[in-house]
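Protein sequence lines, in the order shown, are assigned to chains A and B.
1 is the number of the first residue of the first sequence in UniProt numbering; add one for each residue after it.
1 is the number of the first residue of the second sequence in UniProt numbering; add one for each residue after it.
For the record, the hints were derived by calculation from the structure and aren't laboratory data.
A couple of the hints might just be wrong.
Calculated Cβ distances over 12 Å to all of chain B for the following chain A residues [unchecked claim]:
(1) Ser9
(2) Ala17
(3) Gly35
(4) Ser44
(5) Gly62
(6) Gly66
(7) Pro105
(8) Ser111
(9) Leu148
(10) Ser156
(11) Arg174
(12) Asp269
(13) Tyr279
(14) Arg299
(15) Leu305
(16) Gly310
Label pairs and their computed distance ranges (CB to CB) [what the hints assert, rightly or not]:
(17) A/Glu64 <-> B/Gly196: 49 to 59 Å
(18) A/Gly35 <-> B/Ala194: 47 to 57 Å
(19) A/His102 <-> B/Asp117: 38 to 48 Å
(20) B/Arg223 <-> A/Glu19: 48 to 58 Å
(21) A/Arg267 <-> B/Thr94: 27 to 37 Å
(22) B/Asp117 <-> A/Leu59: 51 to 61 Å
(23) B/Arg118 <-> A/Pro105: 50 to 60 Å
(24) B/Ser104 <-> A/Gly35: 52 to 62 Å
(25) B/Asp67 <-> A/His153: 34 to 44 Å
(26) B/Thr94 <-> A/Arg295: 38 to 48 Å
(27) B/Asp97 <-> A/Ala101: 21 to 31 Å
Positions of the beta carbon are idealized from the N, C-alpha and C atoms, including for glycine.
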Amino acid sequence: MTVPLLELSGLTVEVPAEEGPRPLLDGIDLSLDAGEALGLVGESGSGKSMTVRAVTRLLPRGAEAGGSIRFQGTDVAAMDAGALRRYRDQGVGMIFQDPRAHINPTRRIGSFLTEALTRNRGVARREAEARAVAVLAEVGIDDPGRRLRQYPHELSGGMLQRVMIASVLLAEPRLILADEPTTALDVTIQSEVVGILDRLRRERGMGMVFITHDLDLALAVCGRVAVMYAGRIVEVRAAEELHRRAAHPYTLGLLGSRPSIDARAERLDAVPGRPVSAYEAGTGCAFADRCAQVRPVCRERRPELEPFRGGLVRCHRVAELAPAAEEVPA
Amino acid sequence: MSAAVSVTGLTKVFGSHTAVDAVSFEIGAGGSLGIVGESGSGKTTVARMLVGLERPTGGGIAVLGRDRSTPARGSAERLRRARELQIVFQDPYTSLDPRQSADSAVDEVLRRHTRLDRAGRAARLADLVDQVGLTDRQARALPRDLSGGQRQRVAIARALAAEPRVLVLDEAVSALDVSIQAQILNLLADIRAATGIAYLLISHDLAVVRQLCDTVLVLRRGRVVEQGDCARVLDAPTEEYTRALRAAVPVPGWRPGRPAATAT
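The following block holds chain A by itself, in its conformation from the complex:
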């Protein structure tokens, strides 16, 4: 059996608070194979960004992680300083929502792109620049030689996000962690940037965890999608089946909340209440207070993530609620 590229088992994160430790992640189990793209979808406080921070061991001060994170079979928590540096440099590459916050504004694009190669890998400057030019061209930036001499403020947000993707590609990681990488971009630019990311990832056989609040975007870019709520995964399903087979009331709520570009709905099927964080969830199902299907058992006992119709669902009532018609293969 092959070892997964990334494997999370029972991952928890807690931060200290006056009344005792506060959970942010409440037992995340996920596995990603090499070359696979997985979407993490959820609203504020669902824990999707915290999951990625835990994977890179970049947790907020005082936060404690539990459970295990294995990258190519190696326990990330047990890595010493050198192994951790190699893991962050060559194992995983991160793309953030706001490239301006992650690229030093006082240094030229060329120096940003080549630093890791020349300093950490002993690549000669001229060679590093040649690689940077090649990869800038690959992400669709024209006149890459001139771009190397420019400063970040001379580039638009869309261009800078391409530079960010180029910098990750230069490191040739096995896994890309993309946290809302196109949320700040205009929709036509988003389409281009996501297209570039998708193509290059496939060409190079890299794995990707793609975090977004936009379910339809995740479905377009990823083979599999995990829906998160209150620091837990509530449903995992193949992207192409999600619209047809979504079974968790929260996933269905997300699908019903989003207005359609094709037709005006009389009313949107809004989920009442607001998203809660893991530390606000009770002992039972975290979604119970907002769920139209809630029963006493939902508040008493925490449901497990269990196989249901080709995916995984965390809901006590899923078997009785899901309409039978959806069993029919399309």
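Start from chain A and add chain B according to the hints.
Relative to the frame of chain A, chain B by itself:
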């Protein structure tokens, strides 16, 4: 009866840059127009000129038939303009006073814009709080103790307190979680149905515009690309740019994978 908003040849020039270039549109009483565009389209500048935060370089703006393309003369005129048209911004955290509770923010508007006595204001406040779906407890809370969706409800209640005939919604649902966004979109639709208020929604999100608006105007680099009935423009766009905007929206079955377009 005059239109709620009538804008003709509206232009705004900043230095050598024309941010808004001869834009014209009309919103009928109780109508709802969406202005969509990407960064730099000038959509927010249009909103700011309507509210009086920017002075137009050229063209006319009339609200309820009265011109407001030049600054108000005197406080009575300014008050009347505020009573006619109010705005809700994208981020209620920066548009609300952090030291002021929701009920005192609404009461302040009621004192300025109505002649209600204390009891009358309290009754109206209770109505408004109820109308936007806040609890009494939330109405007494400071903005920092409220969630994003609750704060946006406060901003809407505050705007409605003046009983305006026009509400400008500048990306007012863009920063909200999708389940909360749906609640606010339903709320805004209910308020329009109940009061006959007119909306001008500034948005980058075509699906949100379709849900809330009857007509749409597509803006690019300050110019009108296409305008008309929402269903017509979105289902059968005549302009290449509108088609590109629409095609870029992820929908079921959508695949990115356009070849690496050379960016300019």
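Tested hints:
no.	hint	verdict
1	Ser9	holds, 28 Å
2	Ala17	holds, 17 Å
3	Gly35	holds, 16 Å
4	Ser44	violated, 5 Å
5	Gly62	holds, 22 Å
6	Gly66	holds, 27 Å
7	Pro105	holds, 19 Å
8	Ser111	holds, 21 Å
9	Leu148	holds, 15 Å
10	Ser156	violated, 8 Å
11	Arg174	holds, 22 Å
12	Asp269	violated, 7 Å
13	Tyr279	holds, 15 Å
14	Arg299	holds, 20 Å
15	Leu305	holds, 21 Å
16	Gly310	holds, 18 Å
17	A/Glu64 <-> B/Gly196: 49 to 59 Å	holds, 56 Å
18	A/Gly35 <-> B/Ala194: 47 to 57 Å	holds, 54 Å
19	A/His102 <-> B/Asp117: 38 to 48 Å	violated, 56 Å
20	B/Arg223 <-> A/Glu19: 48 to 58 Å	holds, 57 Å
21	A/Arg267 <-> B/Thr94: 27 to 37 Å	holds, 30 Å
22	B/Asp117 <-> A/Leu59: 51 to 61 Å	holds, 56 Å
23	B/Arg118 <-> A/Pro105: 50 to 60 Å	holds, 53 Å
24	B/Ser104 <-> A/Gly35: 52 to 62 Å	holds, 57 Å
25	B/Asp67 <-> A/His153: 34 to 44 Å	holds, 40 Å
26	B/Thr94 <-> A/Arg295: 38 to 48 Å	holds, 42 Å
27	B/Asp97 <-> A/Ala101: 21 to 31 Å	holds, 28 Å
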